[in-house]
Each structure stands twice: as C-alpha cells, then as structure tokens.
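*Asks:* We have chain Y; now place chain A onto it with these hints.
Listed below are the residues making up each chain.
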Amino acid sequence: MNQAPVFAVVGHPNKGKSSIVATLSQNDAIAIALEPGTTRRSHAYPLQVDGQVLYTLVDTPGFQRPRRVLEWLEAHSVSASDRAATVAAFVTQHHGNSQFSDECELLAPLIEGAGIIYVVDGSVPYSPQHEAEMTILRWTGRPSLALINSIGDEDYGDTWQAALGQFFQVVRKFDAVRAPFEQHLSLLRAFGQLEPAWEKPLETATGFLDRQRQQRRQHAATLIAQTLQQMMGYRHSRSLAEDLAASASSQNKDAFASELRKNWYQHQRQREQQLRGDIQQLYQHGQLQRQEAELEWQSEHDLFSEDSRQLWGVNKGYLVGAGFGAGAVGGVGIDALTLGASFGTGALIGGIIGAAGSYFYGDRLPLPTLKIGPLRNGVKTASFGPVPDTQFGYVVLSRALNHWWHVSHRNHAGRAPLALGTTDSHWLEGLSKQDRNILHRALEKTRKGKVADPSDQHKLVRSITHAMKAYNEWQLKST
Amino acid sequence: MTKTSITKQPLRLLMDFDAQIQRDGQQASDFIHRRDRKFALNCEEHNSPSDPAHWLAWLGRFDNSREQFAGAGQSTEQRWQRINSGFIALGAVLGIITMAGLLFYDGGQRINVTVIIGFVALQLLLALLTSLQSVMGWQPWRPLLNRFVPAPGPALQPLQPALMARAAQGGGLSFAVTALLTLLAMVVIQDLAFGWSTTLNTAASGYHQLTSALATPWAWLWPSAVPDQALVEATRFFRAGTNTLLTPARWGQWWPFISMLWLVWVVLPRLLLRLHASALVHLRARTLLLRHPGLNALRERMATPVLDTGAGHNDANDLPDTRHNTLLQPLPEKAHLLSWAGAGTVTDKQTLPSVLAAICPGPALNVGGLASLSQDQQAIVQLAVNSDAVTALMLVSSWEPPTGELLDFLTSARQSWPAGSRVCLMPLAAETREPSNTATDRQLQPWLRFAERCPPGFVTVGDITISTGLSHS
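As you go down the protein sequences, you meet chains Y and A in turn. Here the numbering used here is used: the first residue of the first sequence is 2, the next is one more, and so on. Here the numbering used here is used: the first residue of the second sequence is 20, the next is one more, and so on.
Since the hints were derived computationally from the structure, they do not count as laboratory data. Glycine included, C-beta positions come from ideal geometry on N, C-alpha and C. Among the hints, a few may not be true.
[Claimed, not checked] If we take Cβ atoms under 8 Å as the criterion, some of the chain Y residues that face chain A in the derived model are:
1) A32
2) A453
3) Q458
[Unchecked claim] Covered by chain Y, per the in silico footprint, the following chain A stretches (three or more residues, Cβ under 8 Å):
4) 306-313
5) 316-325
6) 386-394
7) 417-428
Same shape as in the complex, but just chain Y:
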C-alpha cells in the first residue's frame, strides 16, 4: 500500500503557516500569534479515517537563515542532480545545531518525501528578498504549491501570484481565517494534484470531510431540537415549607415566587449555555468558550431581555399565520377520521383554534406564572413554568441558529472572540410554510407539556435542518 501523502507547510516566519494548518486540521488549539517564532518545532497533523491516515499536514517553523543555508548547499553541490541529496546532507550535518534548528525542522519532512506548501502573506508587498528560501525549496525537488494567505487588510495577492508562479507548480489564494469550507476542500484537492498518487487519498479525504460537515449539521439540528423542547417544557418545582404554605403574608409568597423565577431563569440560561458548548464541541471549537467576548455577548443579549425579544422574536402576524397552519394540520386529523366526510371543516376549525391560541399567547412575552399545587402527601408544591408563550421558543431557536451559523462558519485559525451580530429582518421568511407549521406545532405541543413521540421529534429535527438552510441563505444574503 502506498504511503499517505505528507504536506509540509513552510515559509518565512509569521506568514500564517500555523493558521493554514489550524483551519485544515480543524484544530483551534494550535498556538497562533503575531510573534515570529511561535512555532519552534515541527508537528504532524494526520487526517485519519478509522485509524487509517489519508494525509498528513506538518506545521513547521519559518526560515531564519535561508541565505546561509543556500550558501552551504551551493558550496557542497556539484551539479543539479545532487541538489536534493545535498539538502538531505545539510539536515544530517546540522542536526542538533541550534543555529539551523528551524531550517532542519522544516527541511526534514521534505527530504522524507513531503510535498511543499509554501505560505506567504498576500497582504504585504512582494519582495524578491525571499528568493533564497524559494530556491532552497526548489532544491529539494519535491512537488510544491504556494499559498497566498492574507493576514492584513491590504491586497498584494496579484503581485505575489505572478512572482510565485516562477517557483511553484500551483499557486492558490487562501484566507486561513475567512475562507469558506468549500474552499478548504478545493485546496485539499489541489494538494492532491501535486502528484498522481496523491489524488485518490485527497479525493477520499475531502469526501469524508464533506460528509462529516453534513452530519454535523444534522447533529446540531438534533441538539437544538432537544434543547428547544426541554427549555419550552421546563418546570421548576419546589416543596413549599409548611409555615410558608400556611402563611397568608403576600410578601413571603412574593419572595418565594421571585426565588423560583430566578432559579427557573438560571436553569434556562444554563441549558442554553450547554447547547452552546455542545455545538462548539461538535465543530471542534473547544477553545472558543474561553474568549472573554462571549461573556460580554451573553450579558448584552440576555435571553430574556426586551432587546432579545425584539431582535429574535417573531411578530404577532407571523404567529397568527403559523398558528393557523399548525392548527390546520391538527384539524386535518378530524377530516381523516371522518374519511373526508367533514369536507375540510376539521382543517378550518383547527386553523381558527390554532390562530386564536397563537394570537392570545403570541402578543406578549409573559412570565411563566407561579402555580401552587394541591396538598399531596402532606406537602404543597409550587412550580414555575413552563413558559406560556411560543415566542420564547422562537427566541431560543433564533439565538441557537445564529450561534450555530457563526460557529459552523468559523475557521479554526480564527482567534478573535466570537461576535454574534444583530439583525434587522427575519430569517423565517425563507422557511417553507410546511416547516413553519411543523415548528410551530412542536413548540405549542411542548409548551402544553405534551411528550413528543419519535416521529414528532424526527419532523422537528428535519424542520430545524431546513431552518438552518434558510438561516444560512438569509445570512449570506444579508452579509
């Protein structure tokens, strides 16, 4: 069996080599900094499928003394045919030499057969001063591809492209922080073009990565659906102390109600945060939670704030429309039972009931009221929730989709805090009527405390998957 291809990501210091590797290996725990010398040793990042390596990316330190290396190579080479061997001899000769430790680290994978991914920063001017390192790379005789990364805002990409074309087989532009997922796959396929034997493993690998992305979306939809149902149906209960139950003091009861409400809110926030963590984990953004800005975002757009509601809620008109649709779906059941003898009356009645219910509940975001249950086994139980408003579900769903979208579109080279933006129109417009009805029905059902059966859950997950698609299109349109 052929050995899996290895690609050494090399270049001048601080040009984004680690960022490229972080994005392609979906690893947000690779040290990235605007400081030269952040990467001091090579590190391999193999892509494995069921334990079988399909390709390996090697992150390397940058060139520190290319002219000195080139001088050594030229001094020890007799003809063009011995260049690759001379590079290997250089590594052997200088192994353990601190002066050339970075060069040895970056050249070692190349003499072992790795392909060259040469990274430059397209946001700074091209300079022929880098030609020494490009010449060294050419001496290795390995297949090569140049990547024009963009660290800053300026664009010198075209100049770089023209210059790099003289040294490298393939030249591609790739923004490690902002490139969409499709470009990741396209780049990996380009790696496969460097040598015929590499094409198949890279094609297989991109196929797996693509499928993984689809599965993640599906999994994210399931996580959101579960959270939505749990949050909509959550009831916080506590046994009432005897003295409090007996006490007529409204002040005491208010304090008790306030505590219950607080605990209810806290639980809902925790549940939402758990979803955030799960989604981030799913997309391998394990470091994201440590960003300070996320906490700031949380406090600014609190789940229950009026701002949140205005931003993420849906208007009364929508709720009436969606409610009518959802009710009508239920009403159709009546028609089915009467084998159509009701001539659609069931759908009409269901629609009217659904619309009325939605209008009643959808107009406001009332707090879930406190309920004190009857005396049972000598104990009275007070409960808070579930939320008596479908609007709450839409707020949770929209926030979850917004977070999911940003996380799923975030490259692992990104180190900036996750900034969740606001909106001025609604993504729901892109969702089909059928999906809106399913969504609304599921929210209503959970709000009423009914347990969703597997078939309902499946439908809800499917609707949320469609909502993700609609949200994605809406986001791409609005950005």
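*Replies:* Quick look at chain A alone, frame taken from chain Y:
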C-alpha cells in the same frame, strides 16, 4: 460475550437498550462515535451480527457485575415484575372472596345460576376491554400508575398500555383460577343448592337453550356438564314460593355446568388474553426497538467512519513571551545608512522619510535579502575603517519579522566595530505615510522585543516622531 446476554427477551432488550442510550446522552459524542464504529468494524472483521443485543453485550464485556451493567433496564423490569405480582396476589384474594360471596348459601335461598352467568359475562367483558385498551393504546389508569412507576422516556411510552394489560390480565387470570378452586372446594365441602331464577317471563326451554349454547364448547367432552331440559325445568325457583318437592341432590347437579362455565368462559379467555398480552408486549418491544431513535443514531454511528482531523494536539498556551521593557528611542543625529533586505525600496509607493537625508548624508548600503553574505561582511568592514565608534541607522521592513540572519549580521557587526558602536533599527511602513513613514505600534512590538534579545546597548529601535517632534501614527 455471554450467551445469556445476547438471547435476551425483547422487552428486557428494549429496556436495556433504552437505558444505555439514556446513559450515552451524558457521554461525549466523539467518544460514543468512536466506540460504536469500533464495534461495527469488529463485527465486520469477525463476521458477527451487529444488532442491539450484540452491541449491549459488547459494551458490557468488561463488567464483572452484570447487575451494574443491567442498570436502569433491570430496575424497570423488576418494578413491572412487582406490579405483576401485586396484581396476581390481589386477583387471588379477590377470586376467593368473590366466589365465596357468589356461592354464599345459608340453606335458605338457592344460588342463582343466572347471577353466575351474568358475572361470567361481566368478567369476559372486562377481560376483552382490558385487551382492547392496550391494543388501542388507551391509558385511563396512567395517573395512578405514575405514583408507582416513574414515567418512561418517549421511546418506551407506547409500551405502557401493553405492560399494564399484561399485569391486569395476569391479575384476572389469578382471580379466575382461585375463584374456580374456591368453587370446587365449596362443591366438595358443602352441599350447594343451585337453581335459576328470573323475573322475566322466560320459559324453561328458553333457559335451556341459553345454557346449552353456553355449554357448546365442552358438550362433546363432558356431556353431563350440560344441563338437560329436565334439570332446567326442575330447578327454577321463585323467592316468593317454595319448591320442596324436588330431591335435594337435584339442586346440586348444576355444579359441573357452573365449573365448566367458569373454566371455559372466565379462566380460558383470561389465559388466552394473558398470553396475547405477553405476545403483544414482545411484539411492541421488538417494534419499539426497531423504531427507537437511539437505534437509528447507533446505526449511523456504526456506519460512519471516525474522522480524526488531527485536532488532538493542543499547544494553545505555549505562546512566546511577548512582554518587553524596551522603548522607542530617538534617531541618531548622524549615522551611516543601511537597508536590510531592500527596506525602503520594496514598493513603488515607498519613499524614505525626508528627515533621513539630514541624518544620513551618504548612500544606503544594502545588506540582507538579495545581498550575499560576503556583501554583508563587506558592509561591516566598510563602516569600520576608522577607529571611531560606528553609528548606523538600519532601515527594515516593519512587516517582515526580524530573523536569525539579521541577528547574525548585528552580532558580527558588534564584534567587528569599535566599542561604543550602535545600530538604530528603523521599521518602515509598506506605504509612505509622510512625514513619519513609520510602522504601526503592532508592527513595532516584535522589533522592540528583538532589540531586547540583542547584546545590551548595541541595538535600539528608532522613532522618527521623537526626533522630529511629530506625533506617532
């Protein structure tokens, strides 16, 4: 894998499977994917089935304690076993009491066969209703049940009516059997006087037809258990009158019919419906297992290869120390001009700040970059011709970080130049931003840290704004 763990009853299998799925909910999704994919690959390798039973056995292969592995599945089953036993015990007691009540005979009135037939009909109706509600999925007793058994998850909820029907039919069967035994015991130890009575104007022939119809199932087997016309005619009684002409033994001749009536129309239906309930539980358990959302997810995990993108490595905290104590210094008043790696001429948009012309009157010496190492050395030698300390202003491109080669050059210069020599680095921006043309603060930081790593006092980073009194960009 133990054989017993694989050949589980469908109900137990479903409960164990559901319990395992619930437990998996607390595990990291990556882990369960790896685990289940490995199981699938193992099955493929050994050509063994990959059904839920084998999966559970695979998961439990390291557990010495089977009880611990059985977990919630076993406890739910035990809870239902307790419910079943409770129903059976209650049914047994009620069966004895009920039959004793039905056969209560104090020597006065006869035991009315019509009442017994009515009671049998009621039992049959109740048994059928119990099964019907389980088939239809009705759960009128659910609130009561919830007091004893915690509400199951959505995947197991459709099983509740069937389980409840099985328990109820078990109780009913126990009731029927103990009642029959009580009847037989009463027949043996007492002289029972049966008769039939009704207010309706029914002829004995009509009643005989009814009893014959009821006795049809056993008529071929035990003909004497079918009351004949004469017995029916003879044993009618009226509470208002007396029938003393009949031989007392004649009243007792109904007992074979009553026994068979109870056996065939109460015990047997209960037995059949109990078997049906058990079969229904098994069938539903099997169906629910196949429809279990966890099974689809499991199959998906088993079929999906585990993709490891190399995200395991973590050196996020292994960042270089970016602190420094070096400050920007004013440019020297007079200095030799050096250009490192073409700095100052890299782009067409880049021109040297005009103030440099006064500081460095001579042409710039190109070092680094395209210059060879010997040219670097020549420049060092050229500036060291006099014994005076050398002051050099070195232009560098701010966006290119300082490299080992620059450090080598400066180290070599320090060794070659007289004591007191110094080099002032001046990082330039990519585009001329007159009058300062210096880099941004962020670009300057690596240069300040570089200066700190150089021999003390030899290298500084110059700021044109300090020299000219301009404010920094």
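*Asks:* Are the hints correct? Go through all of them and say.
*Replies:* Structure-based check of all given hints:
1. A32: Holds, because the Cβ-Cβ distance from Y/A32 to chain A comes to roughly 5 Å (cut-off 8 Å).
2. A453: 6 Å, holds
3. Q458: 7 Å, holds
4. 306-313: holds (count 3)
5. 316-325: holds (count 4)
6. 386-394: holds (count 5)
7. 417-428: holds (count 8)
The structure agrees with every numbered hint stated previously.
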